[in-house]
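Chains as they are written, first to last, in UniProt numbering: chain C, 1 to 197; chain P, 1 to 112.
Since the hints were made in silico from the structure, they are not lab data. There could be a bad hint or two in this list.
[Stated by the list, open to error] In silico BS3-like links for lysine-lysine, alpha-carbon gap of 30 Å or less: (1) P/LYS78 / C/LYS26; (2) C/LYS26 / C/LYS133; (3) P/LYS36 / C/LYS72; (4) C/LYS85 / C/LYS125; (5) P/LYS78 / C/LYS133.
[To be verified] Just some of the chain C residues that point at chain P, by a computed CB distance under 8 Å: (6) SER44; (7) GLU49; (8) TYR56; (9) CYS82; (10) THR119; (11) VAL123; (12) ILE176.
The beta-carbon is built from N, C-alpha and C at its ideal position, and this holds for glycine as well.
What follows is the residue order along each chain.
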Amino acid sequence: MSFANKRPGGRILPVRRLTPQVDPQKQFEKLATAIGDIYGHKISQLSYEELYRTGYNLVLSKNGALAYDGVKGVIESHLDNCVHKDILGHISTLRTNPTLSNHEAFLWSLRVLWSEHVTTMLVIKDVLMYVDKVYVKDAQLPSVYDMGMYVFRDQVLLASHKRICIEVTKSVLSQISSERCGEQVNRSVLRGVVDML
Amino acid sequence: MADGNNDGSSLVRLLSGDGFSFVISKKAADMSPTLKNMLEMTRGGTDVAFSEALSSQIQLPEIRGKVLERVCQYLIYKYRYSDEGASDRVPDFEFDVEMSLELLMAADYLDC
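Based on the provided sequences and hints, a complete structural model is requested.
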């Protein structure tokens, strides 16, 4: 926008707040609840403007760190829950019964977790666009989307003493060797897992 | 309200904090990345739309009616002249000095 003075000598009006001031912790809780809803596929019930404004107000009130670190924490704990609920169950099945279909089920569940995570991160990245623009640039941290990717790597692939990472490698290799022996393998699952890595 | 969201002539309604309502074309609203994201229907190949995208209505409770009016005019101005490279054919966008601070805050919020 260009600044052109129509009437010189005009006084700049102060900005009046149209919405009441809210405690930063409560604002962050609103964001945290919304992220839970996003993971629960309830996005159509959410207002983007309200969430964007929450991020905006947090950054303006110098609470950008609360927003960024808090969101990171929420994503970490969510991925941790998913890992414990779904993935580890598959790994213990594989320990006792390493059949082809079990490997496939394990890779499939990992792939589903990954694609849901990517979709969620795209949404969160859009909602926290103001945080990305202002706070992340100032604090020289990775952008919100990149942070999400690092969290996935740390929580899912490298967690539990790298157990999941090792299992994934073993599963992919066993699928490849099975195919070489002539057995049928679900290629799209394999391709998906390789894409993820 | 939500019909015709995929064709270029669809409209969106912007509501200010003090009850004013402005209707502009979606293409003009897309000049602001913030508004564009609000109205986005799919992300990464999957359908993930917020309530604003489904209803084609955006509430902006922090922006006053008078300010939102100038913002809408600016979005249309930006859309109108976005293809013109030479700056001497593009008229300046003028506004009152009194409004400049509120307009600056709104521009920062909407990233335009």
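For this session: Classify the hint on C/GLU49 as holds or violated, based on whether any CB of chain P lies nearer than 8 Å to its CB.
Result: At 6 Å from the nearest chain P Cβ, C/GLU49 passes the 8 Å test, so the hint holds.
For this session: With chain P as the partner, please determine if C/SER44 meets the hint condition of a C-beta pair closer than 8 Å.
Result: holds (6 Å)
Exercise. Taking only the CA atoms, is the gap from P/LYS78 to C/LYS26 under or equal to 30 Å?
Worked result: violated (37 Å)
Problem set entry | Distance restraint between C/LYS26 and C/LYS133, which requires alpha-carbon spacing of 30 Å or less | holds (23 Å)
Exercise. Hey, does the C/CYS82 contact hint survive, CB to chain P under 8 Å?
Worked result: This hint is violated: C/CYS82 lies away from chain P, its Cβ roughly 18 Å from the closest one there, beyond 8 Å.
Exercise. At a threshold of 8 Å, is the proposed contact between C/VAL123 and chain P supported by beta-carbon distances?
Worked result: holds (6 Å)
For this session: Assess, step by step, whether the Cα of P/LYS36 is no farther than 30 Å from the Cα of C/LYS72, and give holds or violated.
Result: Given pair P/LYS36, C/LYS72 holds - Cα atoms ~25 Å apart, limit 30 Å.
Problem set entry | Given hint C/THR119 near chain P, where the shortest CB pair must fall under 8 Å | holds (5 Å)
Exercise. Between P/LYS78 and C/LYS133, is the straight-line Cα distance small enough, at 30 Å or below?
Worked result: holds (21 Å)
For this session: May I ask you to test the interface hint for C/TYR56 with respect to chain P, counting a Cβ-Cβ separation under 8 Å as satisfied?
Result: holds (6 Å)
Exercise. Given the proposed pairing of C/LYS85 with C/LYS125, does the C-alpha separation stay at or below 30 Å?
Worked result: Given pair C/LYS85, C/LYS125 holds - Cα atoms ~26 Å apart, limit 30 Å.
Problem set entry | Hint check: 8 Å Cβ-Cβ cutoff, C/ILE176 to chain P | violated (27 Å)
The structure fails hints 1, 9, 12 (numbered hints given earlier, in ascending order).
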